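Visitor: Here's the letter readout for the chains.
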Amino acid sequence: MSRKRIRTWLFRPFDLIAGWHAMVLGVGLIAATAAVASYAGLMTDGVLDLHFGPDLPLLTLLAQGLLNWLVLSTCLLIVGLWLSRGSFRWIDLFGTQALARWPMLAAAAYLSIPWVNAEIRQLTEDLLSKMPTDPSKVMASSAYLLDAMWLTLISLPTLILVIWMIWLMYHAFALSTDLKGLRAAFSFAGALIVAIIIVEATIFLISPDLLLAAPA
Amino acid sequence: MKRTPSQCPSCNHELAVTALGCLSCNTVVSGHYRLPPLLRLGPDDQEFVEAFVLASGSLKAMASALGVSYPTVRNRLNAIIEAMNAPQSKED
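First to last, the sequence lines map onto chains G and L. Read in order, the letters of the first sequence correspond to residues 762 to 977 in my numbering. Read in order, the letters of the second sequence correspond to residues 653 to 744 in my numbering.
Chain G on its own, in the form it takes in the complex (with noise of 0.2 Å):
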């Protein structure tokens, strides 16, 4: 494969894979990373969030990758229709953004390594404990500084993933769309507050009774 090949795959994988295709591929890694999540004890109860908390049902968790997923395509369809001059396929928007979002699988990979998994963990739950409870008091930097810039360090993949995903779902609405420049940047941008919003005041709805009580 020569290398503008690859750097399209990375890059601008949807210029070469769309509509059903990407669909199927999409749901299928959302629901990789729904059990790999359920195996590192992570969750991901928001459009960009991946992060550590309490044991989750694998459907759970599943339910939570298909929510984000379907609440932000369905923002973006939304403005895609507004905006756009032609028409476009829904399934070109639906399939592009269930495949843009496999950088969340790979971040979910790395923060199940064991050894990553542990660090960030008690670095995490070290500094939460350090933390002083006055909140006029800051937390004594020096002590702890270099702690919490291992944390940041370690922490650093899972980052660059999400900026990862972010530029994929940003170019899977662009191209879906055919929308372009500062009009295409800023209805992504607006689209995806309003995703994040919705899916965090639906989880913050129907959880924990819905979706926590969901068998495992």
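Everything labelled a hint here was simulated from the structure, so no lab data went into it. Computed from a predicted structure; not experimentally measured. For every residue, glycine included, the Cβ atom is placed at its ideal position computed from N, Cα and C. The reader is advised that the hints may include incorrect statements.
Simulated DEER-style distance windows between Cβ atoms [stated by the list, open to error]:
{"#": "1", "chain 1": "L", "residue 1": "E702", "chain 2": "G", "residue 2": "S873", "range": "44 to 54 Å"}
{"#": "2", "chain 1": "L", "residue 1": "A713", "chain 2": "G", "residue 2": "L844", "range": "42 to 52 Å"}
{"#": "3", "chain 1": "L", "residue 1": "C660", "chain 2": "G", "residue 2": "I852", "range": "39 to 49 Å"}
Mind docking chain L on chain G? Use the hints.
Guide: For chain L alone, coordinates are given in the frame of chain G:
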């Protein structure tokens, strides 16, 4: 066969036909004849339109033949339609 150039190689502006010659009697007609919209497209776009017609106007078949996704082909077609419409709207 050589493709009709659509842009001036010197200043990049649009080219027009200023003379037409009869291949039989060598009569030359001169004037200012604007190229039809398809010929005003760049060589790559002309090739794309040709392939599109040969694929019976199927974007799916085009995407499959070119090894790219459907929206990539459709967006390319949208850009060509836009390019073909732009000069027409000026003329109107």
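Visitor: Of the hints stated earlier, which fail here?
Guide: Hint 2 alone not satisfied by this model.
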